[in-house]
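Chains as they are written, first to last, in the numbering used here: chain A, 2 to 278; chain B, 19 to 214; chain C, 2 to 298.
Watch out, some of these pointers could steer you wrong.
[Stated by the list, open to error] Simulated restraints, written as ranges between beta carbons of each label pair:
1) E28(A) x E179(B): 31 to 39 Å
2) R73(A) x K210(B): 45 to 53 Å
3) T3(A) x K36(B): 54 to 62 Å
4) K36(B) x Q105(C): 24 to 32 Å
5) Q78(B) x L23(A): 42 to 50 Å
[Said to hold, decoys possible] Chain C is faced by these chain A residues, among others (derived, beta-carbon under 10 Å):
6) C34
7) E58
8) P62
9) R63
10) V66
11) S223
12) R225
13) T227
14) E229
15) A255
16) L259
Hints are computed from structural coordinates only; laboratory data are not their basis. Model, not experiment: these values are computed from the prediction. Glycine is no exception: its CB is placed at the ideal position from the N, C-alpha and C atoms.
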Amino acid sequence: MTCSDVERALPEMLDGTPDGSLAAEFETHVKSCPDCSDLVSDLKLIASEARQLAASEEPAPRVWVRIAAELRAEGLIHDREHDRDSEPASAPGRPILVPTSPRRRWSAWWLAPVAAGLVAAGSYVISHKPASAVAKQQAPATPGTSPSTSPASGSPTWVAETPAVTSGGTSGENAAAVRAPAPERLAQKSAPPKGVSGSSAEPAPSPEDQQFLSVVSTRAPSMRATYENQLQAVNADILETQAYVNRNPGDVDARQHLMDAYQQKALLYQIALDRIQ
Amino acid sequence: MTDPKPGITEAEAIEQAKQGHEAAFEVLYHLHKRRVYSLCLRMVSNPAQAEDLAQEAFLQLFRKIGTFRGESAFSTWLHRMTVNVVLMQLRKKGLPVVSLEETLEADDEAPRKEFGTKDVKLTGSIDRLQLQRAIDRLPPGYRTVFVLHDVEGFEHNEIAEIVGCSIGNSKSQLHKARLKLRDFLKFMRAEKAKTG
Amino acid sequence: MASLQQAGLQQGRFQQVRLQQTTVVTLVLATYLSAAAFAESKKEYRFTVGPNANVSVDTQYGAISVRPGSVNQVVVTATIKSASVEVDQQQSGNRIEIASHLLQGADQQNGQVDYEVLIPPDATLNLHSSTGPLSAERLQGDLTLEGTDAVVNVRNVANGHVHVRTMRGPITLTDVRNGHVEIASISGDVHLKSVSGPLVQANSGSGKIFYDGDFSSGGDYRFTTHTGDIEALAPSEVSADFSAHSVLGRVQNDFKLQPKHSRFSVEEGRSFFGTVGKAASKVVLRSFSGRIRLKQR
Chain A
2 MTCSDVERAL PEMLDGTPDG SLAAEFETHV KSCPDCSDLV SDLKLIASEA
52 RQLAASEEPA PRVWVRIAAE LRAEGLIHDR EHDRDSEPAS APGRPILVPT
102 SPRRRWSAWW LAPVAAGLVA AGSYVISHKP ASAVAKQQAP ATPGTSPSTS
152 PASGSPTWVA ETPAVTSGGT SGENAAAVRA PAPERLAQKS APPKGVSGSS
202 AEPAPSPEDQ QFLSVVSTRA PSMRATYENQ LQAVNADILE TQAYVNRNPG
252 DVDARQHLMD AYQQKALLYQ IALDRIQ
Chain B
19 MTDPKPGITE AEAIEQAKQG HEAAFEVLYH LHKRRVYSLC LRMVSNPAQA
69 EDLAQEAFLQ LFRKIGTFRG ESAFSTWLHR MTVNVVLMQL RKKGLPVVSL
119 EETLEADDEA PRKEFGTKDV KLTGSIDRLQ LQRAIDRLPP GYRTVFVLHD
169 VEGFEHNEIA EIVGCSIGNS KSQLHKARLK LRDFLKFMRA EKAKTG
Chain C
2 MASLQQAGLQ QGRFQQVRLQ QTTVVTLVLA TYLSAAAFAE SKKEYRFTVG
52 PNANVSVDTQ YGAISVRPGS VNQVVVTATI KSASVEVDQQ QSGNRIEIAS
102 HLLQGADQQN GQVDYEVLIP PDATLNLHSS TGPLSAERLQ GDLTLEGTDA
152 VVNVRNVANG HVHVRTMRGP ITLTDVRNGH VEIASISGDV HLKSVSGPLV
202 QANSGSGKIF YDGDFSSGGD YRFTTHTGDI EALAPSEVSA DFSAHSVLGR
252 VQNDFKLQPK HSRFSVEEGR SFFGTVGKAA SKVVLRSFSG RIRLKQR
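The shape of chain A in the complex, shown without the other chains (with noise of 0.2 Å):
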């Protein structure tokens, strides 16, 4: 067998079932023949450590998170409700605001440092940026360069304003002093959880958003069903952005729409607070 043989005769000889004679010639020459012993186990070596390469490569997170949005558009999820423009049943068809009395105004001036705590949460994330930030978009950046999203600059119309609070306030209502959340406790609220037993639920309502609620109920009742919907909406816009930031800690697009997101939160609350009355 010559050298030109025992190439021809190689892709038999390392994948398919050789005859037995030619497996034989072929062993022979190979063994007398530096050149093509080297040949052949140069090719031997290259097919096995490329089987090492299998699975050898992780994707990025982004690639879950993107899988998990197209299954749940497509409705292949069925255990988390995105539902946010339905009302229910026995909503009417409209949202309406009965005081219980003339002249008085509920005294809300405590959703205005909340309503201020969430957009300081947002800025406090945006701009908590990790040490080795990849830039990936064209970012509006940091407060103070784009209106929109910087409060700080005060967009004033819609989030640095604090409500008219009038005086003779009600007493015994709900006039908490609430405490506008820390930013940590916020982001860490926002943060999704842990495991994958079960659905991934969403946590419990802030007690910002629980003391909300029921001064909701309570002032307008028939307006909760509303704000709690809408309120779902925008927390679980926040949990999902969180999650993805949180995976993707050098996207600063994406922390530029968890400002957007806990701004659009903020909204809710000031929106609120200027129509209970």
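With chain A fixed as given, assemble chains B and C onto it according to the hints.
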């Protein structure tokens, strides 16, 4: 990111996924993500594309999970689906999936000794990164067969069925791919010896 | 004699009864009439103002519609549904404040007050309503409109700043130019047709944003959603610097964009950057998981 500990078997996860439980989908994803993604990456040599392909493969799998009856191993089913997704993408882009037997690929005739690497041996082990780079340099047709056979472990008859060629063609393509890789690796090793 | 006296007494009693009956009937009629009168009533309020008037109208339930009137007068016509609601009005110099005030037992039906308002074209306007709709047209002052579920409609406004926010109510702006436009909604859709100016900003959580315009005036256009889709339609001769990114959603673009130097990498299918024409305006389209489409008209 730490993968969640499953706490359930693959079979249980499949059944729960059929009921629409997100956690079950996630378990199945984490069990197979490396295999699927690595296959995509080896085939297209582009991480962003590989992510999209891996995503699509899992989505196709999850959409059809209701039809899985366990007649074949779940991983085999997923594996096949992934290959089909990748090949469809390559065909859509007009890239050759596998070369015709009669057609020689570029540089196919380059003699193995051209690089002056006669004295460089590959014995021992091969640097994984170098092997990856070498695979990336392969022409698409060679790369497909090499990845499916040597990396992913498909047999020639399976490759022939998947890519639509003959078994002989599959064997021939594989051989040429290995020869080419040997040349690339020896060249890289020689270059490294010069500089290092 | 006795019979005469008896007859007189009888007549007296008869007259007394008649009087009582008449009184009862009158009272009943009066009650009915006054009730009828409060079933729905219209009231008009007129205020004389100087330049830079500031007009605020606040109603829980009811529509508010504002148009331009004479330059030194504010005219408010209130259609009051029932006696369960009254209108408070107050003037301090050039500042006018109108508010619906709900009384005991008021609800969305009987507590409704609809307002039609005429204001000086350059007056500053603030409208609040839970139910709406809210509309303002052909004005040049700064406008602030807020509704919970209210449908908001603003058209033909120039030179003034327009701020709108709703919880769920959809928002439509048509022919709004040359001012700052800032829109925020939690789940309402936003439609912007022929809207341009130095700043046009719209933010909706789950609502969609549609823009059909020319991105002109060398302005800063920023549309952001969380899950809602963003769709922008612009002419081929648009002059803008486009940036679009969806973290989880897809993006689509009809324009041939000139690549621009950027520190950031383009993620295929999830973002696009580039300029068209002289890139006079800046357009930033961002969504967390919504789809973004830039189409050519």
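A quick look at each hint next to the structure:
At about 32 Å, the CB distance of E28(A) to E179(B) agrees with the hint of 31 to 39 Å. For the hinted restraint 45 to 53 Å between R73(A) and K210(B), the CB-CB distance of approximately 49 Å keeps it satisfied. For T3(A) and K36(B), the hinted distance range of 54 to 62 Å is satisfied, since their beta carbons lie about 60 Å from each other. Between K36(B) and Q105(C), the C-beta spacing of about 56 Å breaks the proposed range 24 to 32 Å.
Evaluation of the 42 to 50 Å hint for Q78(B) and L23(A) yields a pass: the beta carbon distance comes to about 44 Å. Below 10 Å, beta-carbon pairs count as interface contacts, and C34(A) has none with chain C, the closest being about 50 Å; its hint is therefore violated. Given the 10 Å rule on beta carbons, the hint for E58(A) is violated: about 19 Å separates it from the nearest Cβ of chain C. Because the closest C-beta pair between P62(A) and chain C is about 12 Å apart, greater than 10 Å, the hint is violated.
Given the 10 Å rule on beta carbons, the hint for R63(A) holds: about 8 Å separates it from the nearest Cβ of chain C. Restraint check, V66(A) versus chain C: the minimum CB separation of about 6 Å is within 10 Å; hint holds. A hinted interface residue such as S223(A) counts as satisfied when its beta carbon comes closer than 10 Å to some beta carbon of chain C; here the least separation is about 9 Å, so the hint holds. The beta carbon of R225(A) is not positioned within 10 Å of any beta carbon in chain C (closest approach about 13 Å), and the interface hint is therefore violated.
Proximity of T227(A) to chain C holds as hinted, the smallest CB-CB distance being about 8 Å (cut-off 10 Å). This hint is violated: E229(A) has a C-beta 12 Å from the nearest C-beta of chain C, more than the 10 Å allowed. Taken as an interface hint, A255(A) checks out: its beta carbon lies about 5 Å from the nearest beta carbon of chain C, inside 10 Å. A least Cβ separation of about 9 Å between L259(A) and chain C falls short of the 10 Å threshold, and the interface hint therefore holds.
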